[in-house]
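Q: Below are the chains, spelled out letter by letter.
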Amino acid sequence: MKVAIASQGNRLESNIDSSFGRCAWFIIYDTENGAMEFIPNANKDLEEHAGKAAVDLVLSRNVSMIISGEFGIKIKPLLDSMHIQMVVIKDSIKTIGQIIEMLDNKKKKNATT
Amino acid sequence: MNNNKKNMCARVKRPRKILNPPSIKGFKPYGIDSGVKASDSVNLLFEEYEALRLIDYDCLNHHQASVMMNVSRPTFTRIYAAALQKIAVAFVEARQISIEGGKIYFDSDWHQCNSCESYFSHPHKHIPIKECPLCGSEDISDFDLPVEESEIYINEDQCICPQCEFEQTHQSGKPCKEEVCPKCGHFMKRKGSPGRRGRKMQET
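Listed in order, the protein sequences are those of chains A and B.
Mapping the first sequence onto our numbering, position 15 (from 1) lands on 15, and the numbers just tick up by one.
Mapping the second sequence onto our numbering, position 183 (from 1) lands on 296, and the numbers just tick up by one.
Hints were generated in silico from the structure; no laboratory data involved.
C-beta atoms are modelled at their ideal positions from N, C-alpha and C, and glycine is treated no differently.
Wrong hints could be hidden among the right ones.
Unchecked claim - On the chain B side, residues computed to face chain A include the following (Cβ under 10 Å):
1. P134
2. S231
3. Y232
Said to hold, decoys possible - Simulated crosslink set (DSS-like; lysine-lysine; CA at most 25 Å straight-line):
4. A:K76 / B:K302
5. A:K74 / B:K302
6. A:K2 / B:K304
7. B:K126 / A:K52
8. B:K304 / A:K76
9. A:K52 / B:K302
10. B:K302 / A:K90
11. B:K302 / B:K290
12. A:K52 / B:K138
13. A:K52 / B:K130
14. B:K296 / A:K74
All chains, full assembly: derive it from the sequences and hints.
A: Here it is in structure tokens:
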């Protein structure tokens, strides 16, 4: 399963971004093989429809879950209709590394049970 | 009796559940007479659009549709009747239809993980949720939107004055080009639209 994470920077120590459409970087993480891809968000300074462009960009990588600090009001129904799972983490003090660790722990836990 | 009536307030409107907003913002008539009576557009609410979609597009009955929208059956029938009435008015009087507003919330099941304190949606409704998608904890609870947050009036459009760049919130049903800037008296335009150069040149 591929997961997209909205990030403020392109390192594992970067914090999660509080908005999805206008975040600085997207991290595409493959939970199956641990592959990671960092994509700069070229659309973050668009006057409008930044969220829509971000969804298109992320969906071109076939993700099934998106993690962000918040999702905009236009993005929620869009992702709902595409059956993409949204995860909102309110406190943006969590780093990308911590989130990936959490996903790995969950996978390990599921493998043992 | 009179005094009593004053203290009563109207029954609270139940927020209507909407699956998806329409992909367009409205309809415009065309033809020779299309602009004659187009004084103001008909405002079709999101809930009325949804009612019409459930009944005439998805071919449900009123009871099924009322369950989908989380309102009572009689309320649903009133919403549907209002939708038909508005569309008929627009057709007969050659008016524009704008689809916006209404007391609605969008249909997504949100849940909360009590262990990592994250919120998550659950898009595949046929599969029961067992664990948090992030940390795998089974300590999850339903997360209901408070009513205040559900009162969404989507109208984010802004009117802008091309002369002095004064901005104000767009009023639904009132064309921006008929709006006059309170600062410099120039005609406004919708923010983000290319505007009408012909009109601008006529005045200057």
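Q: Next step is simple, just say for each hint if it's right about the structure.
A: Verification of the hints:
no., hint, in the structure
1, P134, "holds, 6 Å"
2, S231, "holds, 5 Å"
3, Y232, "holds, 4 Å"
4, A:K76 / B:K302, "violated, 29 Å"
5, A:K74 / B:K302, "holds, 23 Å"
6, A:K2 / B:K304, "violated, 37 Å"
7, B:K126 / A:K52, "violated, 31 Å"
8, B:K304 / A:K76, "holds, 24 Å"
9, A:K52 / B:K302, "holds, 24 Å"
10, B:K302 / A:K90, "violated, 37 Å"
11, B:K302 / B:K290, "holds, 5 Å"
12, A:K52 / B:K138, "holds, 16 Å"
13, A:K52 / B:K130, "holds, 23 Å"
14, B:K296 / A:K74, "violated, 32 Å"
When the structure is compared with the earlier hints, violations turn up for hints 4, 6, 7, 10, 14 and for no others.
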